[in-house]
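K.L.:
What follows is the residue order along each chain.
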Amino acid sequence: ETGVTQTPRHLVMGMTNKKSLKCEQHLGHNAMYWYKQSAKKPLELMFVYNFKEQTENNSVPSRFSPECPNSSHLFLHLHTLQPEDSALYLCASSQDRSGRWLRTDTQYFGPGTRLTVL
Amino acid sequence: AQSVAQPEDQVNVAEGNPLTVKCTYSVSGNPYLFWYVQYPNRGLQFLLKYITGDNLVKGSYGFEAEFNKSQTSFHLKKPSALVSDSALYFCAVRGARDTDKLIFGTGTRLQVFP
Numbered sequence: 001e002t003g004v005t006q007t008p009r010h011l012v013m014g015m016t017n018k019k020s021l022k023c024e025q026h027l028g029h030n031a032m033y034w035y036k037q038s039a040k041k042p043l044e045l046m047f048v049y050n051f052k053e054q055t056e057n058n059s060v061p062s063r064f065s066p067e068c069p070n071s072s073h074l075f076l077h078l079h080t081l082q083p084e085d086s087a088l089y090l091c092a093s094s095q096d097r098s099g100r101w102l103r104t105d106t107q108y109f110g111p112g113t114r115l116t117v118l
Numbered sequence: 001a002q003s004v005a006q007p008e009d010q011v012n013v014a015e016g017n018p019l020t021v022k023c024t025y026s027v028s029g030n031p032y033l034f035w036y037v038q039y040p041n042r043g044l045q046f047l048l049k050y051i052t053g054d055n056l057v058k059g060s061y062g063f064e065a066e067f068n069k070s071q072t073s074f075h076l077k078k079p080s081a082l083v084s085d086s087a088l089y090f091c092a093v094r095g096a097r098d099t100d101k102l103i104f105g106t107g108t109r110l111q112v113f114p
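The listed protein sequences correspond, in order, to chains A and B.
Anchor point for the first sequence: position 35 equals 35 in the numbering used here, and the numbering is continuous, going up by one each time.
Anchor point for the second sequence: position 114 equals 114 in the numbering used here, and the numbering is continuous, going up by one each time.
Rather than coming from a laboratory, the hints here were simulated on the basis of the structure.
Note that the structure is predicted; figures quoted are calculated from it, not measured.
Wrong hints could be hidden among the right ones.
The calculated DSS-like cross-link candidates involving lysine-lysine, where the alpha carbons are at most 25 Å apart (straight line), are [unchecked claim]:
no., chain 1, residue 1, chain 2, residue 2
1, A, 22, B, 77
2, A, 36, B, 22
3, B, 69, A, 36
4, B, 101, A, 36
5, A, 41, B, 101
6, B, 58, A, 40
7, A, 22, B, 101
From chain A, some residues computed to sit far from chain B (all C-beta separations above 10 Å) [said to hold, decoys possible]:
no., residue
8, 6
9, 16
10, 56
11, 57
12, 72
13, 78
14, 117
Backbone N, C-alpha and C fix where the C-beta goes; we use that ideal spot for every residue, glycine too.
All chains should be built: construct the whole structure from the sequences, respecting the hints.
P.N.:
This is the structure:
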């Protein structure tokens, strides 16, 4: 295991539902990330947090709302999703010693949440 | 602009034979290169990375990768494949500028046959 956990592992929701994905890292890292993985497409970076502050929003629709209450926890709140949002959502963390996302730091990934939007 | 390419969707190799998974990249300045592996229903696991120094990088599970600046490549290799190496492999690159992001390739599925 990588030290990054995600719950739930599987989620099926309707377009009008509201749900949340949770990520927790036990590595003492300061930076956390949300990625979207769709079939036949490269991983898409969604959000980056450093020391609980959002440092990057990669043009993600507002129906995805991240929350980072502390350096160990990251949430992704979902509402009024579309079927094309069905994908594997991956959380990752890395050590950030300087308050910036260091380009050489290794990111460690959780197992992902498989989301299906009906 | 940064980019990374994995030209093969799938690589098939017999157990015990050497394997190569190809990766080429394009960045401005020096690249920082990573390989990750993804097993079914799992997240990505870090294998190895090149930052600077020796062009041959050794990583987990007997994998290694060679950085070739002139060919802008970072191919993943293993001298003797195992059936358990069957998985999805991702190459990723980040440039040296502060605004550069970590960019992933589309992945290569490695199938090792007994």
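K.L.:
All hints are to be evaluated individually against the structure, with a verdict given for each.
P.N.:
Hint check:
no., hint, result
1, A:22 with B:77, "35 Å, violated"
2, A:36 with B:22, "23 Å, holds"
3, B:69 with A:36, "30 Å, violated"
4, B:101 with A:36, "15 Å, holds"
5, A:41 with B:101, "17 Å, holds"
6, B:58 with A:40, "28 Å, violated"
7, A:22 with B:101, "24 Å, holds"
8, 6, "8 Å, violated"
9, 16, "28 Å, holds"
10, 56, "8 Å, violated"
11, 57, "12 Å, holds"
12, 72, "17 Å, holds"
13, 78, "19 Å, holds"
14, 117, "19 Å, holds"
Hints 1, 3, 6, 8, 10, counting from the list given before, are not met by this structure.
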